[in-house]
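Participant: The primary structure of each chain is shown beneath.
2 protein chains.
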Amino acid sequence: MRYKTSLEVIMSPIVSDSWQTIKRRVKTEWRVKTMASLKVPASVPPPYEDAEQLNKAFKGWGTNEGLIISILAHRNAAQRNLIRQVYAEAYGQDLLKDLDKELSSDFERVVLLWTLDPAERDAYLANEATKRFTSSNWVLMEIACTRSSHDLFKVRQAYHARHKKSLEEDVAYHTTGDFRKLLVPLVSAFRYEGEEVNTMLAKSEAKTLHEKISDKAYSDDEIIRILTTRSKAQLNATLNHYNNAFGNAINKNLKEDADNEFLKLLRATIKCLTYPEKYFEKLLRLAIKKIGTDEWALTRVVTTRAEVDMERIKEEYHRRNSVTLAHDIAGEASGDYERMLLALIGHGDA
Amino acid sequence: MRYKTSLEVIMSPIVSDSWQTIKRRVKTEWRVKTMASLKVPASVPPPYEDAEQLNKAFKGWGTNEGLIISILAHRNAAQRNLIRQVYAEAYGQDLLKDLDKELSSDFERVVLLWTLDPAERDAYLANEATKRFTSSNWVLMEIACTRSSHDLFKVRQAYHARHKKSLEEDVAYHTTGDFRKLLVPLVSAFRYEGEEVNTMLAKSEAKTLHEKISDKAYSDDEIIRILTTRSKAQLNATLNHYNNAFGNAINKNLKEDADNEFLKLLRATIKCLTYPEKYFEKLLRLAIKKIGTDEWALTRVVTTRAEVDMERIKEEYHRRNSVTLAHDIAGEASGDYERMLLALIGHGDA
Chain A
1 MRYKTSLEVI
11 MSPIVSDSWQ
21 TIKRRVKTEW
31 RVKTMASLKV
41 PASVPPPYED
51 AEQLNKAFKG
61 WGTNEGLIIS
71 ILAHRNAAQR
81 NLIRQVYAEA
91 YGQDLLKDLD
101 KELSSDFERV
111 VLLWTLDPAE
121 RDAYLANEAT
131 KRFTSSNWVL
141 MEIACTRSSH
151 DLFKVRQAYH
161 ARHKKSLEED
171 VAYHTTGDFR
181 KLLVPLVSAF
191 RYEGEEVNTM
201 LAKSEAKTLH
211 EKISDKAYSD
221 DEIIRILTTR
231 SKAQLNATLN
241 HYNNAFGNAI
251 NKNLKEDADN
261 EFLKLLRATI
271 KCLTYPEKYF
281 EKLLRLAIKK
291 IGTDEWALTR
301 VVTTRAEVDM
311 ERIKEEYHRR
321 NSVTLAHDIA
331 GEASGDYERM
341 LLALIGHGDA
Chain B
1 MRYKTSLEVI
11 MSPIVSDSWQ
21 TIKRRVKTEW
31 RVKTMASLKV
41 PASVPPPYED
51 AEQLNKAFKG
61 WGTNEGLIIS
71 ILAHRNAAQR
81 NLIRQVYAEA
91 YGQDLLKDLD
101 KELSSDFERV
111 VLLWTLDPAE
121 RDAYLANEAT
131 KRFTSSNWVL
141 MEIACTRSSH
151 DLFKVRQAYH
161 ARHKKSLEED
171 VAYHTTGDFR
181 KLLVPLVSAF
191 RYEGEEVNTM
201 LAKSEAKTLH
211 EKISDKAYSD
221 DEIIRILTTR
231 SKAQLNATLN
241 HYNNAFGNAI
251 NKNLKEDADN
261 EFLKLLRATI
271 KCLTYPEKYF
281 EKLLRLAIKK
291 IGTDEWALTR
301 VVTTRAEVDM
311 ERIKEEYHRR
321 NSVTLAHDIA
331 GEASGDYERM
341 LLALIGHGDA
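Top to bottom, those sequences are chains A and B. Heads up, the first sequence is in the UniProt record's numbering, so the first residue is 1 and it goes up one at a time. Heads up, the second sequence is in the UniProt record's numbering, so the first residue is 1 and it goes up one at a time.
Warning: the hint list may mix true and false statements.
Listed below are the simulated DMTMM-like cross-link pairs for lysine to aspartate or glutamate, each with C-alpha atoms no more than 20 Å apart in a straight line [claimed, not checked]:
id, chain 1, residue 1, chain 2, residue 2
1, B, Lys164, A, Asp151
2, B, Lys203, A, Asp170
3, A, Lys181, B, Glu222
4, A, Lys181, B, Glu195
Just so you know, these hints were derived from the structure itself, not from any lab.
Please build the complete structure, drawing on both the sequences and the hints.
Facilitator: Following this line, the structure appears as structure tokens:
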């Protein structure tokens, strides 16, 4: 026997632990309830009635888009899943297939993405982001950094089921160099989600980050390690120490070369991990102000955040742009696409 | 809208999928049942009776080790968990703490490790493997490569609960260079577990592996990517192609320098991923034949494999050493430690 086991460590702190976990979950659930923009009516019809109405919306002369919006844009993920199940049983067809047949272009994409279960939707978006014509390091980073650890794991499970491969396998295969070095550990992470912070560690890792950045070693192993493995609470403490000790927010020091795509992704990663609402505000701002609106980004942010923190994002948007997000969406989008987006951000009747 | 969504892809293959998953699970369960060495009696006493007997074993003059073995070495993980729960309720104390108080040395370690839930046990072993005096890259690799994807994820969950950090966080912090480069993605992996094999890919990645190995670029990004992200079925196909195309098993070509610790770990990784029984046989052989038996390795392999594939490992052991594992354990271990090990490998009365 080489070394005496510290038996204090082997004891399982089962009880205190689950209490911590419960507290955290309650806190998260409460937060989500108040931050989501989705409006579900006080009394929701039973799923077979919703399924029947949707089926009616597809029939007859022309599709009834208004009816589709009035139902789907006002049901939460669990309710939408139930409607899909009941629909498949009643009409022998996947609701998504019928929506696909009846709808088109941006409206189709927003309805289909919204109707998917969140983990399935993220798996779909992530897979798209590894394909040649739709590849996007940003989408991969965004999914990896703004979902909870447990939700990211559900995405990886959904990815197996849907794509018969692992998420990290496709990400590793379709990226190279520094981008691979950052993205593979990001999508594979299962970060600790407790609030505990180790101050000594925060100070020493802030120093490490500053040294590497001063040397312009932006993709150094240590920078990658810290950003991809530390808990969000710990990382936040580290970056606060960075700011205090070196007089600059870290992202200021990562800006030397405005055209460096890796640095841009690194800054966005840090923003997603520490201030996701600001990240999404900027994404929406750029998507809307662009010549030729970026509907893919707009649709992605609205469908993925409506049930999570869209109220906070709207707040940031208003503060930064002096107009409401609803105002800008109404100005840039039109028709059923506009109506669906507005409903999802909470500007439709539930 | 930049690119037309391939809507065939967005449809969820829910039905065929869960059927595949069910078939796989049934297959795995059947395999485990026939490969495990653990013997559980046909009629198991209720957990409160086991708890009472264990409590009795601790009382009076001296501990009744025989009674402890006769109970704990013949209960599966679910049964042991129940006993722990009932014990805590009845006696207001964690069973593990009482076992710790009453037992000592190698016998203590085997009983405590065995009694832990498999995911908790692996989290404990992995944490130990990141500590200075007990650090072991091999233990980390072994846990990452020989558990199922789902079981490895349960280890990561147990690691959060027990150590208030993530597994990959500790592994990344306590390793450097090539070892970090290999171990972090190994412990973070959630490999696809389907049997599907892409033959084209297997051929091209076998070629890539051969090129890098010929250049002695043993820790090249591509080698790491292939070994840490591909499914075990895919990896097996790739390595078979390697053998066919280049006339040598890959591990033969990774042997140039017998003292290179990274190469040793790489070979062991490949063995764990493709032929775990052989890996464990060798580990047991070396642990037993060593001058001064390596009890830590012996205890680890027996406690972690008794409920999984110890029958297959015993078969390999017999074939390779011309004596049975039970014979060699009886020769090297003694007393209660020996009795516990023999019971776990199926040589005690259930």
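Participant: Taking the hints in turn, state whether each one holds.
Facilitator: Evaluation of the provided hints:
Between B/Lys164 and A/Asp151, the direct Cα distance comes to roughly 19 Å. Compliance with the 20 Å bound is thereby established for this hinted pair. As the CA atoms of B/Lys203 and A/Asp170 are separated by approximately 17 Å, the hinted pair is consistent with the 20 Å bound. Annotation: proposed proximity of A/Lys181 to B/Glu222 holds, straight-line Cα distance about 12 Å (limit 20 Å). A hinted pair counts as satisfied when its Cα atoms are at most 20 Å apart, and A/Lys181 with B/Glu195 does not qualify at roughly 28 Å.
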